Structure formats: structure tokens, C-alpha cells
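> Could you use the hints to bring the two separately framed chains together as a complex?
As given, the protein sequences belong to chains A and B, one line each in that order.
Position 48 of the first sequence, counting from 1, maps to 48 under full-length UniProt numbering, and the rest follow consecutively.
Position 110 of the second sequence, counting from 1, maps to 110 under full-length UniProt numbering, and the rest follow consecutively.
Think of the hints as simulated: they come from the structure by calculation, not from any bench.
These figures come from a predicted structure and were not determined experimentally.
Glycine is no exception: its CB is placed at the ideal position from the N, C-alpha and C atoms.
Please note that the accuracy of each hint is not assured.
Cross-link-like lysine-lysine pairs, in silico, DSS-like; alpha carbons within 27 Å at most [unchecked claim]: (1) B:LYS88 <-> A:LYS16; (2) B:LYS312 <-> B:LYS355; (3) A:LYS13 <-> B:LYS126; (4) B:LYS126 <-> A:LYS16; (5) B:LYS126 <-> A:LYS78; (6) B:LYS69 <-> B:LYS126; (7) B:LYS467 <-> B:LYS437; (8) B:LYS180 <-> B:LYS335; (9) A:LYS78 <-> B:LYS18; (10) B:LYS88 <-> A:LYS78; (11) A:LYS10 <-> B:LYS88.
Where chain A lies over chain B, by a calculated footprint (3+ residues, C-beta under 8 Å) [stated by the list, open to error]: (12) 10-24; (13) 30-37; (14) 45-52; (15) 125-134; (16) 271-284; (17) 375-382.
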Amino acid sequence: MAISKAEIEKLAKLAKLSFSDEELERFTAEFDEIIAFADTINQSIEGGTEQIRSVGARMVSFDDLRPDEVMPSLPNEKILSNVEGYNGFFSVERSKK
Amino acid sequence: MNYEIVCGIETHIELATKTKIFCGCTTEFGGEPNTHCCPVCTGQPGTLPILNQKVVEYAIKAGLALNCKINTKSHMDRKNYVYPDLPKAYQISQYDEPLCEKGYIELDSGKRIGITRIHIEEDAGKLVHENGYTYIDYNRGGVPLIEIVSEPDISSAEEAREYAEKLQLTMRYIGISDCKMQEGSMRCDVNLSLRKPGDPNFGVRTEIKNINSLSFIQKAVIAEAERQADILDAGGTVVQQTMRYDEATNSVTPMRDKENSDDYRYFPDPDILRFCIDEAKVEEIRASLPELPFAKLRRYVNDLGLPEATAKQISRYRKVAEFFEGALAEGASVKNAANLIVGTIFSNMDTEEEKELFAVRISAAQFAALVKLADEKKINIGVAQSTLQKMLESGKPVEEFIKPEDLVGISDEVLENLCREAIEANPRAVDDVRNGKDKAINVMFGYIMKKTGGKADIRKAEALLRKLIGP
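If we strip away everything but chain B, and leave its shape as in the complex, we get (with noise of 0.2 Å):
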């Protein structure tokens, strides 16, 4: 039996901002258990939580990013559960008035996944158990987290993915978290029911909880809907619950029974004023933006002309995309700018993290320099990047490795001179070039690239070598 998959994702994301959401604790990763902590995040009787501005702005850039309309009214609610990682038996959350509501992503085929919301919160403190104990680190506890949930809309582990990796580039490029899914700065569960196709009904769903890689979401969700069709299709029925993915076994299996929301007893937390943002701010916050992933590599695409593979490249690392513009604004061409950057520094940068940094050791006006000289044939494109490849790991501009001597270049007359001596020097290429055999013609292009160590204009040498040899 063919089904349908209908699959919704809850996304959180560690925020960026210096201290926890509601005191002056740092949010720093790590340290000693309890040395991030006071009484405020901890919990202690007679506290009072104070809402962190840059909180309330991270998650409205979030908001304006994915297309969702930003409530100016908001307030934070109690949820209540008893777990020893919550000192205060509740988690401040929000339930009724989330701060951004009815946004989208949009995946490359065109399709958008709706955004339902997006609300604050505080992340719990970290438990380790052993020896009959539970051991309690709080450092973690009252970390800002945004909770990103969608919309239903994604029918097949490739969407999962794809939403999940749209998401994450988008909060990285606007800067408010650096989404390390290993890491947990970012971790998402994964909601998926089954149903025959054209059947308005959803089936019962189960919840996948926090897998922490991309390519584990879309392998989750395989997992999860061949487990859930094998039932269907023996005449079963699915069972509602959570559900944790092993990745060494590649199977979804039942973690514990889901607590139905209304157990969670919300109500607005009496502690904390509800609180208003101006429109002023929020077109402020809107301006403050910067031109996101997918406009940018539609933009490289459509009006510089970049082959859609580069353009995707170099659009993907906000970092980067920013060292090519302002190459660009420096007077460098976009063809080898672009293929300076993929090909050369690219090749030096072997993980994700590493592009995402960019700690190149030139700046784009440097850099710029060095394409010039490639664009105005100066100097050919191997010499470009083998210069290249010392200014990356000098830190030094193009002038300490190409003197101006240098870019008189091979005058027309030596490089004719060239030419010959390379036809006499190689009788049999020249024989096998007139016979059809093309490629001999490489035999005279090292020759003379040997004698001018690389600078000689290689196109001007073709023509002058096959005037030279004749038909």
C-alpha cells in the first residue's frame, strides 16, 4: 500500500546573545557545573526574571526572515512539568501570543512550508546520571531559545531535510545562532503521521525527538514512515508517541508516553510584565537584515551571471558571499572572482565550519588586486592562483609576489621569438599537430610556459603557433 507522508518539523535554536533570557548570567558553552548560575536561574524563592532585550530582537529578525507576521503584543507563560532540569517545576515559555505567527520557507522547488510560530524561551539545565544519582548542571538552564515550529506541509524526507538546512542558513546568515546541530545549538523533532493519498484526515502521529544532524532528519524520517506503513499495512494502528532515532541502527523506537499539552497547565507567568514593540522597531529590526541566502544566490544567478552551482557556493557562507561582493566593489570581475574563491581558497577550507568562519588572511581590496591583474591578462589564471595560494598563506598583498618588472608581460616580438624556437625544438609535435593530431599543440604551450615561467598569454601563443605551423 502506497502512502503519504504528512510531516511537520519544532526546531530549536540556541540564541546567540551574552547573557541567559531572563538575568545577567553569561551563556557561555561549558565551563565548571553551576558557575553560570544565580539565584535567578536557579530558581530561588522571591526572584524576579527580568526579560533580556536582544532576546525579543533575535527572535523578531527570526520572524522577518521566515516571512512571519511579528505579534508587537507578547507575554511569557508558565509551563509546568516536575523534572529535576526545571529548578522552578516550570519552563517560561509562551503559549496564546507567540511573538511571530504564519511564516514560510520556501524550498526550491517553489513549494513553501508553512511557519505556524515562533516563540521565546529558556532552555533547561543538563542532567547526568549515575551510580543511582541524578547529577544537575544548571549552566545551560536559562539559555534563550527560539522554538521554530511548522506547518505540516512536508511530504517526503528530502522536504525534511531541505526545510531543516533552509532554516538553519537562514539563522545563521542573520546572525542570531551558529546552529551547531552536534553541538545541540540547534535540534529539531520530527512529527510524522501516514495517509492514503487524496485523504483529507491525518493519521496518528508520533514525534521524533531531538536529532541532532541533517542528514539523520531525512534518514529519520525514512525510518519512521516505513515503521509506521508496516503497521498500516498489517492491519494495525499507529500508536501516539515519542520516539528517538539511533543512528548506529538506523531505527525509530519509543522513548515514553506523551504528555498531552493540556498537562503542561500553561498560564501567563504573573512574574514577568506582558511587553509592546513599536512597528518603528520592528521595520528598524527589518532594515537591519541582511539580503538572505536565497535572494542573494538568485541575484548572483540572474543579474552577474554566475553558473548556479558557483552562485550556490559562494550565496551559502554569509562571510564569503560578503569577502566576493566587496571584491566586486573593488573592481574584480565576477567570473574570476568567483572561481579565484571556489577554486583556490575554497581548496583550503576542507569542513563546513571553515567556510563559515572565512578566516582568510587578505582582505577583499587585496584580493580584488590580485583578480585585477587576472582581468586585465596581466597574468594568466595559473599564476592568479598560485598567487593566490601564497597572499592566502602569507597574509601578504600581491605586490610582494608579482613585482610590476614582472607585469610588463612577454612582449609580442619575444613572445613570437617563442614560438618559433618552440616549432624547432619540437619537429614531431609540429608533424603530428599538421596531421590533425590537435593536442600535440600542448607539447609548444609547456615550452614556452617553461621559458616565460607562466606568463606568457597562452591564447596569443595558439594563434601565433598555428599561424606559425600553418595548415
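The following block holds chain A by itself, in its conformation from the complex (with noise of 0.2 Å):
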């Protein structure tokens, strides 16, 4: 096993998602087998993915990064057109951090 089913209830409680005890035995057995999977790519790379990420990819180089001139945001409504704004603000039931 690559994940433990502790791990994926750590993971869904910093995603704040909340699982019945079978989903969680689900999950786990699939995500083991999804780790499994992305792991034959490491093996298949000569030197693994950190081979990949520090040759294979493409790097931008500085002059490649975008100038720093403004451009227009959008209108108001237009950013809250998806979501019940409240004078102007997007609004959610109150957060406790």
C-alpha cells in the first residue's frame, strides 16, 4: 500500500470534505492504485520525475515573463455575475479559521 487510510482522512479533512468509513476504504484502495499508476512513469525515466523537471522541461527564460503594464479588469458585475455578491463584496456564511 503507497497511501494509508489515515492519510486519506487527513487529506480530506484539510479539503474539508467529510466521508462515510466505506467511501474512505474506497478511496483509499483508489488512490493506492492511481499512485501506482503514476509511479511506472518514474520508473520508465532514467533518473525519475526530478530528472524531467530539471531537463526535460521547458524553462522561460526572464525576458519570456510578462511586462509589468496594467491592463482593464473587468466590471464589478461582471466578477460577481456567477455568485450572490452583496455591495460589490462576494459573500459567504461566516468563516471561522
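Laid out in C-alpha cells, this is it:
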């Protein structure tokens, strides 16, 4: 097993998701398969995925980065068009941290 | 029981770029809620963040000014946490490949406080909690920040304050942020633990979040060290937690349990390509840095011979230093230029902010023209001060107030006659001087100055008076 049920529980908690015990069992097994699959990529490349990052992946140079020029923002009504806004704000039920 | 303070500071500084870190929205402060927003900075699905070049440049500037090594390859990571101030439920930050590492700030004592790292990241939105609802404004969301993390090398409240002050001064000097702590463009988190002197191990630390003034940093360190010492003295253990400093009661109280850093589940952001910076670019940025305030201060004292206190007051503000150096380049003398800036110009500026902005109505060259008249003894310092004040108020050059004919000065003959008059008019003062009451000579000075409108050369007058009065 690459991942334990306890780890899945912790991830669910951090993502603010709650699952039944049955679901947790099922997800643990599924996660394990997904990780095993991803791991085959690692095995097929000499040097592993670290190697991809350091040499294989494309990098951008400083000159390719975005110039610091102001572009128009969206009108407030457009920004809030998919949500319940209040006086120009997004609003959600009170959050506790 | 005596303890040793072990303290490190994390500082967030808002960069003075025009646009946000990943989109073209303005970073301007204020504005109606959610009007400086676009699909990228509100985290809409399918949008792609594109890194702002200026953010990278400014962060490298900060790194170079703080003696850091610059990582020429770097990338962005996602820091995951769920809270409404982040629309994407993650903050784009840097984890294992920060732009800058391993620098230091040198304190006046010569002690160096290590800089662990400097990384770039996006700021979160602002929340207002009211009537059971949380209202969110994402105008600040995506504004670029650098986070500067120090080593736990700080061992007193004074050192903590000096570190933050030097950091603020340096960042302002290189022009990457205004670092206004009251407005939140510079915010400090203080990590602190205690240990017995000589103990190689660290004690349990707490983190005091979001301190918004330099003096509160100093006070918070003292308050937290006392709180921890009381716990340890009573045989208790310090709990690792996030604290808040309350300035009204000068006390430190717990805020919430700290999440461990692995809870943030950092991973490389797949939407943003890794980036590289040529060594040549780094050197170009290094060459663009101004002389830093502490190097300037040393130069003013060692090479220009200014007293430390005066040198400090001038080197502290970049614009003042530029004005001063501009006047020197025009031929003004170091001593008179420095004294007129600190004595006269600064007396018109009550706040740090005004000195920082240094919005004077005359140019360095116009200032130098006045200073040179004093240097050449064509006017005395009192006249130089009052004329400078008039120039500052009107924005007009020195010629408007001092006519060439005024500068002919008082001839030696006229001065001698005036001295005789002064002696005749003040027989008692003359007797006093003869009887050893040397201060009585001021009465004669007053007379001569009044008659000449302050234009007489006071040293010449003194020599003449003493000669005429005799031993």
C-alpha cells in the first residue's frame, strides 16, 4: 500500500470534505491504484521525475515573463455574475478559522 | 532564572509594481470592492496565471541588497489551505526553490542576522466579518509580495527592532516598496523561544503574527519573552502556537493552533513554467542598485568628515541623500550643506514620511548657490538660514532674496566705524568685558547686526571689537 486510510482521512479533513467509512475504504484503494500508475512513469524514465524537471521541462527566461503593464480589470457586476454578491463584495456564510 | 532569547522574523513586503503578480490588474490601494479583479486573480476555472517580470526583478534586487545568493532557476508552488481570502483554495508561493537564499543584515554592533530565504508570492483578499456573513474583496488578492525569512539569530528586543528598521530602510532605498507598516505594505511575524544560556537546543517557539509597527516589534518581543519566562519558571512548558500582540494592553495572547507546514501540501504549480535568469541579468540588476544607506553613512563619516548624527539623518532618506550629494556636486561645502539640510529644511518636515518624500521647491543646484554664498562668507549662517526658509516657501532662487549689491559686504572701514559706534553706545558692556564678563560682548554684536541687517562678518567684528576695547 502506497497510501494509508489515515492519510486519506487527513487529506479529506484538510480539503474540508467528509466521507463515510465505506467511502474512505474505497478511496484508499483507488488512490493506491492511481499512485501506482503514476509511479510507472517514474520507473520508465532514467533518473525519475526529478530528471524531467531539471532537464526535460521547458523553462522560460526572464525576458519571456509578462511586462508590468496595467490591463483593464472586469466590471464588478461581471466579476460577481456567478455568485451572490452584496454591495460589490462576494459574500459567504461566516467563516471560522 | 535567566533565559536567552532566540528570535527570527518573517517579513511580508508588498512590491511597488503597477500590476498584480499573475495578471494585468492594477495594484493600486483602495478602490471600490472587487473592481481591480479579473478571471485570473479571482481564480476562475480555466485561467492561466502569467508571472510578472517586475516581481522577479524586484525580488532579485531585494536579495542582492541583503547579500543573498540568487537562484538562477526557480519555480512557483501551490500552498493549499481552505479559507475565503483565497479564491483558488491555494496560494501561489515558492517552497523549495526560492529566488534568493543565504543573505544577511549587519547591525550597528557588527553582528550579522542571517537571511534564510526570500521568495515571491501572491497576497490574499480582504475579509470583513459582519452579521454572520463574511464579505470578500479580492482587490488585494494577487498583489505581489516578497517574504523575507531571517535565521533565529536575533537575541534581544533591540536587535529585533534594529533588524526590521534596517530591512525597511534598505527596501525603501532600492525603491521596491514603500514599506508602510501602518498601511500593511510591510508586516512582520516574530518567532520566539527561550533557552538557558549555553544550551545548544532550541526551546518551544511561538509565532506572533502581523505586527504593524517597529516599536510594537520591540514591545512584543519583551512581552512574549516575559510570558514564556513566567511559564518556564513555574515549571510549565510553552505551547507551540500562533499569538497576537495587543498594543492597547501590551500583551501577547493565543490566536489559533498552528498548522504544520506539511498540512499545506506544497507542490509545484503545473500552470506556471519554471523560469531561469541569466547571470548577466543578475549582474545588470546588481549594477542598477543605488549605494545603500549604511555604505553611504560610513562614507559620509569617514570620507566627508560629517558627524555621525548628521550623517545618519541625511543618509537615512534616499531623496535627501541625493539632494545633498547633488549640492556637493555643484560645489557646496559638506558642512554648510549638511547643517542647512538638517537644521533648516528638516525643521519644515515633521514626519518621517515628509522626509522620505522630500518634496522641496528648490533644486539641489539652487540650494548649492545659497550654500556657496555662506561658504565664501559673503553671508553669515543666520542670513543663509532665513534666506533658505524664504526660498523653500516661495520656490524662488537665491537671487530673488539676496541682490548682488547686498553681497559687496560691509567694507573693513565701515565695519571698524560700526564697532567704534557700538563701543560708544554701550559703555557699561565695554566695562563688563574689561572686567572679565566676556559675554557682554554680545551686546556689541547685537548692535552691529541690527545696523547691518545681519550682514556683518561676525568673526571680523569680534577681532576688531577686542582690539578696540583692549585688554
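> Quick one: which hint numbers does this structure break? Sort them smallest to largest.
Numbers 6, 8 and 17 - these are the hints that the structure violates, sorted from lowest upward.
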